[in-house]
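**Q** If you want the building blocks of each chain, they are given just below.
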Amino acid sequence: MEYKVAYRMPESLSKKQFSYCPGCHHGIVHRLIAEVIDELGIREKTIIVAPVGCSVFAYEFFELDGTVAAHGRALAVATGMKRARPDLVVFTYQGDGDLAAIGTAETIHAANRGERVTTIFINNAIYGMTGGQMAPTTLLGMKTTTSPHGRSPEREGYPIHVCEVLKELRGVAYLARTKVNTPKDVINTKKHIKKAFLAQLKDIGFGLVEVLSTCPTNWGMDPLKAGRWIDEYMVKEYPLGVFVDKVGEEK
Amino acid sequence: MKKIMMKGTEAIGEAAIMAGCRNFFGYPITPQNELTEYMARRLPEVGGCFLQAESEVAAVNMIYGAASVGKRAMTSTSSPGFSLMQEGISYIACAQLPAVFVNIVRGGPGLGDIQPSQGDYFQATKGGGHGDYRLIVLAPSTVQEAVTLTELAFELADKYRNPALVLADGLLGQMMEPVEIEEKQVSYDNSSWALTGAKDRPPRKVTSFNIDPYELEKMNLKLQEKYRKMEQEEPRWEEFQTEDADVLLVAYGTVGRICKSVVRMAREAGLKVGLFRPITLYPYPYKPLEELAKHVSLILTVEMSSGQMLEDVKLAALRLTRIEFYGRMAGVVPTPGEIFDHLMHLIGRR
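In order, the protein sequence lines correspond to chains S and H. Here the first sequence is numbered in this note's numbering, starting from 274 and rising by one per residue. Here the second sequence is numbered in this note's numbering, starting from 585 and rising by one per residue.
Bound conformation, chain S alone:
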């Protein structure tokens, strides 16, 4: 009898066990990135730049060469790599605190220069690693350890919409916001991630996919409730969609 491989672990994932909490979406997104890298056949020339935050260990979870950047500086590190070795494929994996607070300048300028790198941006509206502090993307009214009375626009300002800010920059080649709390969304997100990599591979410009993600631990919810919370609250603040697409149809 002949067996056909229907499902397997991506070659681009290492065998190391994820350190993420139950119900956290990092693991799903890691796998999607690895599948895309496998399908594009670029594993042997791809470098991951991990951030500071829960995904600080991301460089360990991929079967890729990699580094971990200083907090917020992943896109500066990626820029240095890509400029010095344009033949490599470089991607950053960053959370909301890293990309949209301390690293805002690096994000905007790498995007504006049209750096040929790809960014996967995990937006879970909170600082996970440090224990649940307010993020730049924390929703209005949302309680965190540093907004214990709920985020108020008068005191803490408004949730920052990264895609809506970046879409005006001409260096951006692919820009989409997505989520992974249903099987359909998981399949869809993979397509977006692939196109963000193609923006780099086809030498068009900067590619970024923002993934609305859960943090059950710091949201104080079980995984199922956290998954539903994405639809009930996150999507309302952060509408899904493709903001920039200069890549065109996948061949």
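Don't take each hint at face value.
[As the list claims (entries may be wrong)] With a cut-off of at most 20 Å between alpha-carbon atoms, the simulated DMTMM-like pairs for lysine to aspartate or glutamate come out as follows:
#1 H:K844 / H:E761
#2 H:K783 / S:D360
#3 H:K789 / S:E284
#4 H:K783 / S:E505
#5 H:K789 / S:E333
#6 H:K783 / S:D495
#7 S:K289 / H:E799
#8 S:K288 / H:D784
#9 H:K586 / H:E822
For the record, the hints were derived by calculation from the structure and aren't laboratory data.
The hints should help you fit chain H onto chain S, whose structure is shown.
**A** Then chain H, alone, in the frame of chain S:
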């Protein structure tokens, strides 16, 4: 080899290119802009990459990126900008990446001014960023030496996989002198650690990170082992008329150059004065200074700071002889005359 007239900053840039550097990331700040501008003009001519970063913070992390994929990289800045780079330098040191920095020091603290200063000595030689690391620090006193030491900075950075700094000031940066710049392509083997893609080998990681304190301590011990080796093998200094000296001037960089004139003035006045000029500020040449200290009755340390290198002079020579200090701060450059007068006063001739 033909001598050409060059500004200090531009000579440093050309020396970097001659040492094989093809990646420069920088941000405008006075008084070093001529170096950044030189690289913007020159690097594309030799197939290199020049990129103006959005900040010094971004620039130092671009250096980290370029160095981690195995390419020689450098940046140049001045004092406030160098402060902004300290976090990145700490990461580069811990990740054991070779990289070259140039700090054309200006008057401080704070925004300060844009005149020559040596007020960043502590920052350069005693840390600057967080954690137990060391920066190789080279201090030229002429434009020609700036060329030699820039090339040496790349050589030592590669050899030790450690960041190296050329510490100069606006006076040296702006001065024009005839220089010879020789191509100095040192072979650069990074095949065991550079991130080049996990092809036909297990994946590699370049990090300054380990969550396990015992493992991180091992990384630290490895760094310390390198620093001990540097301290054994790399101290460099110049002695000028020290053979029969009874009074020793100790000064580095621009002030070292000025103090040579002071030595000549003193010799003309019949005084046995010599100069000890450290070239590597880290590793500091403690031993030769200690030897000299045993044979002089007075050491006068001269700096364009409140007396920062003075602490290293004391580490080398305390209790061996009398140690005095003369300094100007905030961008004021001392003249040979005022240093000479101070020396006369100290030895009771005034």
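**Q** Each hint should be assessed against the structure and marked as holding or not.
**A** Do the hints match the structure? See the list:
Taken as a hint, the H:K844 and H:E761 pair is honoured in the structure, with Cα atoms around 17 Å apart against an allowance of 20 Å. For the hint linking H:K783 to S:D360, the alpha-carbon distance of about 14 Å falls within 20 Å, and the restraint holds. Restraint check for H:K789 and S:E284: satisfied, since their Cα atoms lie roughly 17 Å apart, inside the 20 Å limit. In summary, the hint linking H:K783 to S:E505 is not supported, as the alpha carbons are separated by about 44 Å, beyond the 20 Å threshold.
For the hint pairing H:K789 with S:E333, the CA-to-CA distance comes to about 8 Å; that is within 20 Å, so the pair holds. With a C-alpha separation of about 41 Å, the suggested pair H:K783 and S:D495 falls outside the 20 Å cut-off, and the hint is violated. For the given pair, S:K289 sits about 18 Å from H:E799 by alpha-carbon distance, which is consistent with the 20 Å threshold. Proximity of S:K288 to H:D784 is assessed by CA-CA distance (about 17 Å); at most 20 Å being required, the pair is judged to hold.
With a CA separation close to 25 Å, the supplied pair H:K586 and H:E822 exceeds the 20 Å bound.
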